Amino acid sequence: MEWKGRDVVSIRDFSKEDIEFVLKVAERLEEELNEKGSLDYARGKILATLFFEPSTRTRLSFESAMHRLGGSVIGFSSASSTSVKKGESLADTIRTVEQYSDVIVIRHPMEGAARLAAEVAEVPVINAGDGSNQHPTQTLLDLYTIKRAFGRIDGLKIGLLGDLKYGRTVHSLAEALAFYDVELYLISPELLRMPKHIVEELKVRGVRVYETTDLEGAIPELDVLYVTRIQRERFPDEEEYLKVKGSYQVNCKLLKNAKETLKVMHPLPRVDEIHPEVDKSEHALYFRQVFSGVPVRMALLGLTLGVL
Amino acid sequence: MPELKVEVIPEGTVIDHIPAGKWLKVIEILGLTKPNGGTLLIASNVPSKKLGRKDIVKVEGRYLSEEEVNKIALIAPNATVNIVKDYKIAEKFKVSIPDEIVGILRCPNPNCVSNHEYVRPKFHVVSKEPLKLRCHYCERTIEGEEILKNL
Ligand SMILES: Nc1ncnc2c1ncn2[C@@H]1O[C@H](COP(=O)(O)OP(=O)(O)OP(=O)(O)O)[C@@H](O)[C@H]1O
Ligand SMILES: [Mg+2]
Ligand SMILES: [Zn+2]
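Protein sequence lines correspond, in order, to chains A and B.
Quick note on our numbering: the first sequence kicks off at 1 and runs consecutively.
Quick note on our numbering: the second sequence kicks off at 309 and runs consecutively.
Bound-form chain B, shown alone (with noise of 0.2 angstroms):
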């Protein structure tokens, strides 16, 4: 039986296994908290047998990128994203750290060549539990809430 906690939507992306509390910073992270966007569905802190607890994020009207995929896993590294086209589920991922990080994460090394010059930044993943990257350019790692605040 599918766990249809909020409502049905016809078409979008339905991201699932949020942790519980993060749904904020994943409609932040994508963009998602302008008003002229599709119609929004939140169900926060839904029981789940996974994570215990966790939220689900339902966009209407629009499915998401691979590279907001990448987005979304660097916050809510166990979500699984469902692509719905016509009241069914066409397509499902897990997401999944990806072994670089282009374009998405600032850093936070004021002194970074990155921060300075026309180039994407861009991370390599050192470890992925707990989520540790290295700049590419100026080397040091970033763990933690260091990285959520570049996002």
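Isolated chain A, as found in the complex (with noise of 0.2 angstroms):
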């Protein structure tokens, strides 16, 4: 597979190669950059961040991976500053930026966004998050974690809590994770389990599924534990939301039964799911995770670049 070019839309679009070329080459350019203190492959390269909707995390770690390639970056982070709010097209705004950008990082609040700007697009074209539907570079630098922390992602046993009816990180993850030889624990309230036409594809994929709203009697077997947030803006009513809001929360106290070794995950931002107090522990992962998302992204920037 040619990198130089590709554009990162959807988790979809990666077969398991890609995924361990991109975290084998994340894993390289985070030891050079530990080395070196700063690189600079994608020195003279203009990344371009157009955030239509707007997102902290996502975005500093975008342009913090750009600069420390020693490119450098252009954008915006809000559309409410744009011409889009004169009513310009989304191709018309991608067709204009590319001549002012080498690779393209969009966050936009409409599904089918980022293959849209893909296709209208010379440049590369970085999906981060195209309304309810793909964020891939967050499931990428999820497995970078995972696999930094355990040296490997076959033989884990990896349990998902939360949302896993609208989560879109966990659909990608799940799916993204049926490449290994996982098993997976879907934890979840009754009302927000896991879509079955997913469970279903896990299924045929060889994945080992079980479905349970036992969260303590699930921890014990677990290696990883990948907690996400009940986002109230993908409930279509608020009686659903108000149902399960809370109904699950990670404490020391509910560690106790872990292995040693657990690790605990969360794409952040947190809300009480998490109780600070297990920031402290051994099994707090989360931090970490989001230092993954540079030299993933450098990868990604660096490969579609074709600098590296």
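Please note that the accuracy of each hint is not assured.
As the list claims (entries may be wrong) - Here are the simulated SDA-like cross-link-like pairs (lysine to any residue), alpha carbons at most 25 angstroms apart as the crow flies: (1) A:K203 <-> B:K342; (2) B:K402 <-> B:T388; (3) B:K342 <-> B:L372; (4) A:K16 <-> B:V434; (5) B:K436 <-> A:D13; (6) B:K440 <-> A:A178; (7) A:K196 <-> B:P418.
Hints were generated in silico from the structure; no laboratory data involved.
All values derive from a computational prediction rather than experimental measurement.
Take the two lone chains, each set in its own frame, and fit them into one complex as the hints suggest.
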């Protein structure tokens, strides 16, 4: 697979080899960065970050990654400051921005926006979230975090906890994990179970899947517990949200029964799903996970720019 | 012996092996419900060896393009299209569901970019039996009635 010029739109476009390759390159870049402090692979290259929808973490992480590669960044962080407000089409915005840049990162509230942008643009486009659809770099950094912590992904028992119904992060992660020899514990309130078609697909692909509402019961089994927030904005009605809000919390008491090596992950931001007391424990991996965003995005920027 | 259930036409298209009861949907999809088109001959609930019962639609004076055939494939996956020229069957093809469906079906997701930008909607076929499609843009899947509603 030729990486130069390639778009990163959906984790569905990735084979296992693609994923492994990105993780390997990210690891190499992380080590190089540790040695040298800064790199210059992308010197003279410009990244445009088009955030039609606000996101602090993802945007800063991409910008940091580009700077660490020695490149520079232009862009906007909300649609209100752009000509989109004047009614410009996404396609026209993309055609304009690509005249100023070598690679585009886009977050947009509409599903499919990144795919469309990639079709319009000559330069590579990286999806940083399109509505409730895809956020492939999050999935890759999640896998990277697991791989760095355990040295492998195969053989692990991984629990996905929380909003498994609406959470796009866990859907993509589960589908990517299906490339590996893992056992998945899908832990959620009854109302927020993983959609049937995804569960079916996981099983067809050979993953051992256990669905449960019993977090306490699952805890002792797990190597990784991936916690997600229940997002009010994804719920069709308030009543359903109120029924499940605050229905679980990961705290030190709960973790007493966990393996010593259990790692707790979270895409952040968190509300109250993980008690701050867990932060200091050996279990907490979520800040490390934030850090992983940089080498993984460095790898993707460098590969699609063709400068590595 | 050919089964000439309805009249013979000199020129046009015979769509055979439509699932019984679907003829109306077929002519709707093809935009043939307007009176200014050619003559339509319809045979519904005809006994058939392959389907048990089937509908047949004959369109006088019009040859169907491949894109139109694809539209029919979504609702009548086993349909046969016969192009009649000078009273004889000049061409015959089975409709087949293409791997990609472009420009025929609207995406039912209101937040899909294909409903907001100047772009032809596009779907990938996930499975043919039962028919299940994935929007090229928003990646949602649709099946069954939802497909027919958005044609
Ligand atoms: N000139 C014509 N005008 C109208 N209808 C016709 C004409 N010639 C054939 N047909 C119809 O077109 C369809 C296909 O005709 P054909 O003679 O190929 O039948 P067949 O051998 O049963 O084909 P198939 O294997 O597709 O069922 C039949 O429904 C037939 O009645
Ligand atoms: Mg016949
Ligand atoms: Zn769509």
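Right, here's what the structure says about each hint:
A hinted pair counts as satisfied when its Cα atoms are at most 25 angstroms apart, and K203 of chain A with K342 of chain B does not qualify at roughly 49 angstroms. The hinted pair formed by K402 of chain B and T388 of chain B meets the criterion: a straight-line CA distance of about 4 angstroms does not exceed 25 angstroms. Between the alpha carbons of K342 of chain B and L372 of chain B the distance comes to roughly 16 angstroms, so the proposed pair stays at or under 25 angstroms and holds. Proximity of K16 of chain A to V434 of chain B is assessed by CA-CA distance (about 20 angstroms); at most 25 angstroms being required, the pair is judged to hold.
A C-alpha spacing of about 21 angstroms is found between K436 of chain B and D13 of chain A, which places the hinted pair at or below 25 angstroms, so the restraint holds. Among the hinted pairs, K440 of chain B with A178 of chain A is consistent with the structure: their alpha-carbon atoms are about 21 angstroms apart, no more than 25 angstroms. Of the supplied pair hints, the one linking K196 of chain A and P418 of chain B holds, its CA atoms being roughly 22 angstroms apart against a limit of 25 angstroms.
Violated hints amount to a single one, hint 1; each of the other numbered hints is respected by the structure.
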